[in-house]
Amino acid sequence: MNPTTPHAPKRPTYRLLWISIAVLFASVFAFRTAIAAQDPAADPASIRSSWEVLGVWVAAFLTLGIFSFLYKDNPLYKVCESLFVGTSAAYYMVNAFWTSLVPKLIAPLAPGFTKAYLLPDFIPSGEPWAALALALVPLALGVLLLCRLLPKAGWISVWTLAFIIGTTAGMRLTASIESDIMAQAAAASQPLYAVDPQTHSIDWATMLAGVVGVVGVLSVLTYFFFSVEHKGAVGATARLGIWFLMITFGASFGLTVMGRITLLSQRFEFLFKDWLGIL
Amino acid sequence: MSEPLLVRLGRIDRRWIFLAMALSIIVPMLLKVRFPEIPQPMARATFEAIERVPEGSRVLIAFDYDPASQGELQPMANAIVHHCASRGHKMVFMTLWPFGGPLAERTIDDILLAYHPGYKYGIDYAELGFQPGNEGVVKLMSTNIPKQFPTDKRGTPLAQVPLLADLADTTGFKLVVSISAGYPGAKEWVQYANGPAPEAFTFVSGTTGVQAAQLLPYYPAQMEGMLLAVKGAAEYETIVEEKYPPPQHPERIGDGRVRMGPQLVAHVLMIVLIVLGNLSMAAGRTRGGMR
Amino acid sequence: MLQRTIPIAILSISGIVLVLAYFSPFTQSWGEQAVDWFNIIAGIAYILGGGNLLRVNLEKISAQRPGWAYAAITVAAFVAMLGFGLLKLGAVPSEKYPDVHFAGDYESNSAPYGWMYWNVISPLGATMFAMLAFYVASAAFRAFRAKNLESVLLLGTAFIVLLSATAAGAYLTGWIPADSAVGFMRAERLRTMITEVVQTAGMRAIGIGIAIGVVALSVRLILGIDRSYLSKDGGAA
Amino acid sequence: MIDRRIQVRRGVEAVLAAGIPAAGILASASAAFAQGDAAVASAAAEKDAWIDPARVPLLVALIVACGLIVAAIALARSGVPLKIRKLAALDAVDEAVGRATEMGRSVLFVPGIQDMNDVQTVAGITVLGPVAKTAAEYDARLEVPTSRSLVMVAARETVQAAHFAAGRPETYNEGNITYITDEQFAYVSAVVGRMVREKPAACFYMGAFYAESLLFAENGNSIGAIQIAGTAEPSQLPFFVAACDYTLIGEEFFAASAYLSGERDQLGSIKGQDFVKLAVAGVILAGVALATVAAVAPDGGAASLFRSFQSALGG
Chain Y
1 MNPTTPHAPK
11 RPTYRLLWIS
21 IAVLFASVFA
31 FRTAIAAQDP
41 AADPASIRSS
51 WEVLGVWVAA
61 FLTLGIFSFL
71 YKDNPLYKVC
81 ESLFVGTSAA
91 YYMVNAFWTS
101 LVPKLIAPLA
111 PGFTKAYLLP
121 DFIPSGEPWA
131 ALALALVPLA
141 LGVLLLCRLL
151 PKAGWISVWT
161 LAFIIGTTAG
171 MRLTASIESD
181 IMAQAAAASQ
191 PLYAVDPQTH
201 SIDWATMLAG
211 VVGVVGVLSV
221 LTYFFFSVEH
231 KGAVGATARL
241 GIWFLMITFG
251 ASFGLTVMGR
261 ITLLSQRFEF
271 LFKDWLGIL
Chain E
1 MSEPLLVRLG
11 RIDRRWIFLA
21 MALSIIVPML
31 LKVRFPEIPQ
41 PMARATFEAI
51 ERVPEGSRVL
61 IAFDYDPASQ
71 GELQPMANAI
81 VHHCASRGHK
91 MVFMTLWPFG
101 GPLAERTIDD
111 ILLAYHPGYK
121 YGIDYAELGF
131 QPGNEGVVKL
141 MSTNIPKQFP
151 TDKRGTPLAQ
161 VPLLADLADT
171 TGFKLVVSIS
181 AGYPGAKEWV
191 QYANGPAPEA
201 FTFVSGTTGV
211 QAAQLLPYYP
221 AQMEGMLLAV
231 KGAAEYETIV
241 EEKYPPPQHP
251 ERIGDGRVRM
261 GPQLVAHVLM
271 IVLIVLGNLS
281 MAAGRTRGGM
291 R
Chain D
1 MLQRTIPIAI
11 LSISGIVLVL
21 AYFSPFTQSW
31 GEQAVDWFNI
41 IAGIAYILGG
51 GNLLRVNLEK
61 ISAQRPGWAY
71 AAITVAAFVA
81 MLGFGLLKLG
91 AVPSEKYPDV
101 HFAGDYESNS
111 APYGWMYWNV
121 ISPLGATMFA
131 MLAFYVASAA
141 FRAFRAKNLE
151 SVLLLGTAFI
161 VLLSATAAGA
171 YLTGWIPADS
181 AVGFMRAERL
191 RTMITEVVQT
201 AGMRAIGIGI
211 AIGVVALSVR
221 LILGIDRSYL
231 SKDGGAA
Chain H
1 MIDRRIQVRR
11 GVEAVLAAGI
21 PAAGILASAS
31 AAFAQGDAAV
41 ASAAAEKDAW
51 IDPARVPLLV
61 ALIVACGLIV
71 AAIALARSGV
81 PLKIRKLAAL
91 DAVDEAVGRA
101 TEMGRSVLFV
111 PGIQDMNDVQ
121 TVAGITVLGP
131 VAKTAAEYDA
141 RLEVPTSRSL
151 VMVAARETVQ
161 AAHFAAGRPE
171 TYNEGNITYI
181 TDEQFAYVSA
191 VVGRMVREKP
201 AACFYMGAFY
211 AESLLFAENG
221 NSIGAIQIAG
231 TAEPSQLPFF
241 VAACDYTLIG
251 EEFFAASAYL
261 SGERDQLGSI
271 KGQDFVKLAV
281 AGVILAGVAL
291 ATVAAVAPDG
301 GAASLFRSFQ
311 SALGG
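Protein chains in written order, with the working numbering: chain Y, 1 to 279; chain E, 1 to 291; chain D, 1 to 237; chain H, 1 to 315.
Don't read these hints as lab results, they were simulated from the structure. Be aware that a few hints might be false.
Only pairs whose alpha carbons sit at most 35 angstroms apart, straight line, appear in this in silico DSBU-like list of lysine-lysine [what the hints assert, rightly or not]:
(1) 72(Y) with 60(D)
(2) 78(Y) with 60(D)
(3) 199(H) with 147(D)
Coverage of chain H stretches by chain Y, computed from C-beta distances (three or more under 8 angstroms per stretch; other residues unrestricted) [as the list claims (entries may be wrong)]:
(4) 122 to 136
(5) 154 to 168
(6) 286 to 292
Label pairs and their in silico Cβ distance ranges [as the list claims (entries may be wrong)]:
(7) 236(Y) with 244(E): 51 to 61 angstroms
(8) 299(H) with 180(D): 30 to 40 angstroms
(9) 285(E) with 197(Y): 52 to 62 angstroms
Ideal placement from N, C-alpha and C gives every residue a C-beta, glycine not left out.
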């Protein structure tokens, strides 16, 4: 497969980028030392250990490295990205090892070793043989799964995949019907008539909400009905369903945008409060 | 005849838009712009749901998110933990996300122990930590917690932790809270813990803007309370701070309201960008522009 | 036989056990045991992820393909984090068992593993996601067109939600008297109506549709009708 | 409802060893386990029911739903012709590819960023078939950048088969279907770079998408391309619907792939899901009727009927 870059572009110069980041760091460093010299109490970082201060600076450097992609894709961004991919993959493995593999796999297989070196508070099970036997099953299936890494023996991992897919299907079958179909049908069954308990007059607001709710669910369900062409009454209902869908997607769009903006303001908060200390 | 401003605007370099978004957040942040938050029905219902849980009951708080969603969800986590501690609840912390563990621990140090120094590990609060398996963890906890968590996060068998010794399954909690950024999260708690035993415990969730829409159908029948993104957090913080003012460091449960300042300016910018984009396209088309 | 019949049998049996365990208390602990194994294997799968990453990047380095230096950084970061985590280097010794090295807390901020979580993984992950605010802004200007009634409805609702989610909404519609007939036009009333009535109805119908799709797929898998996961080279996932 | 479930747990574990399904290889385990921890029979004096009484409504719903789906698949297999309603996005394929050929520009097809184990990616590759066939007939250049090697293999097979079906096997060029990288944002920036350079006239986004749906839709718009998307990812649908010309929304995407694949089982499954949807709509209508009558006459018979209806559904 030929590499996808059609013609080697003139080696892009990132000089402007490096200079601007270097100047930024130097000025911030000077700025912070100036504040610390004036009045040590004013600089929140002064009380924290040097280990933490180094951490804040590394975090700020990496944050700016990722933001530099907005200006142009550059080596600094690629370094940050590969750092992220490497550290997070290792974090997954270490976490799974200490939280699940040690207490649930190594402990029953090697109780003595685990109690001595890994989990001092570990209490070996009453029937070590039974615990061992029950731990051999996931161990065997796990080893089969890891065979995918070997070029030839990859096919055997399908046994473990079958167990994972089967268990997932079994769990989701009952859960989907109970919580996402039956309970939703119950919640959708709202009355089309509502009386205000005190005044015994019609409570228009609740009644309207009930009608709109019921019409909304049924019309969107009609839109997702594939056995009948969208013509005549079905077509009109489906059209109403599309309008409900558009308002639903509009509201979801607003919520998603709100969420993304909050994440960005937290990053700027970090840069201006924890790193620059001017917020 | 030079092109009208609008059509030239259509070809603007997108980095100017990036700069506009950055400034729309940085400027109000540095000017410390604040707005009063009037709590709406959903945030108030969440507060009432937690208030109805009798004082000193055992509650489960699941930190189902990672640092990427910390900006949206940490304010809710802080406010909920403070609210539960002020009610004297016995709190059990856990997470379905591999990266959630340290977030729970930092909330314990910054909020729980800072505001309520009387809380002792093993008696008033405990940590179960993370377990892989996504919905499988919730499924197994709904019937057999000791099998899912042989030990707590510190490696002590559950039998030796007073708060967890008699914990058989999720019906052992009076309140379950899932601070949820996606899968696995609040939806899996509704399907695999609330579904099997609907009246066993009160279920409340705080969620990101992205996942909020998918959880709305569960409110209020299967989920008594729901905090929608940073707006929900800001409203909920207002009510909690009114009733349970923190002894010191009040700013630690104020992040929601702090972030609502830049939020307003950025939202207005988004609307302006969409309107301008459409105007420039319309202007472009009337001059026989591309497509 | 080994490549087709046994996997299909394993899938069907584990699926049926899980469904049965939900209905009959007698088989409940069978279901619990299957899910316990499922969770352990999910943990082992993370090792597969790490192994794959190592293999792909080591190949890239040995073949000196363009950008192999970044692959080297990924491998170095991976090995460093793995070393600090598995060997608990620099971990804070536990008070109860100071002499048992592996009982130490490796995730605390002063241990290298915890330090890298808070100062490398956390800022990188958070900033990667924060970039989306920039992308949604430029997409707002260049992609979201009000070309027909449907898109006008969508963008109009988005405007209402964006405005009413902040104090701007209250500012713009605060003058409408709350108890008057047109009181529902107030921003927060509009937002509550849109979110709790219309959006809930729409998402409820979409949710029911997706749930029925999950039921159909699960039935096809458990009854062995759908065998796409057994694709030719055996390693479908 | 709290104590309605009979907690017979410890007593059953002795039976467990004999019934370990997945590990038939461990006969010794069952023997060792049989004399396991004392089977503490449940303290409750109640008779151990075979089926937990509270789950009976769920069991009925499960049997009805699965029955309808399996029946529909059997119907499809027996050769009954099954029709799926017209999907606007599919009719737009000819228009889009035709336009690309007129303007002498390429067609881009992005099959999402997940692997073949994701149902949406499989549906995306199925939709690739007819798109490739139309492109072959119009002799338009079709590019398919993928982010998983397995997806590239599947895409190449589909496009080659499409070229055969269009009767032009010689125009099939394997080089147009490339594997770029597994990493999400690296893949996105590579594809977006190519979009801006080659300015395809028609862009298809069919599969599982996350945050990058924005980037594709934005750049597609800025080069003036017709954009047709299809995904079941709820968080990305608002962006695709707002930015693209046609969108296959959630289930429509799976219905389209079933219709295009023409595979009996898939068509039968879609039909079965329609039957279940009809049943659910019926239940909702009944519920609404009961609720309305109960609201009108709060102490009438309907009110108690409605309460049992709600509790049966677990509402």
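Quick rundown of the hints versus the structure:
1. 72(Y) with 60(D): 24 angstroms, holds
2. 78(Y) with 60(D): Answer holds: residue 78(Y) to residue 60(D) is near 15 angstroms, not above 35 angstroms.
3. 199(H) with 147(D): Satisfied, since the Cα-Cα distance of roughly 22 angstroms is no more than 35 angstroms.
4. 122 to 136: Result for this restraint: violated, n = 0.
5. 154 to 168: violated (count 0)
6. 286 to 292: Since 6 is at least three, the answer is holds.
7. 236(Y) with 244(E): 51 to 61 angstroms: Check passed, 53 angstroms falls within 51 to 61 angstroms.
8. 299(H) with 180(D): 30 to 40 angstroms: Roughly 35 angstroms apart at Cβ, these two residues keep to the hinted range, so it holds.
9. 285(E) with 197(Y): 52 to 62 angstroms: Holds, at about 56 angstroms.
Consistency note: the structure conflicts with the earlier hints numbered 4 and 5.
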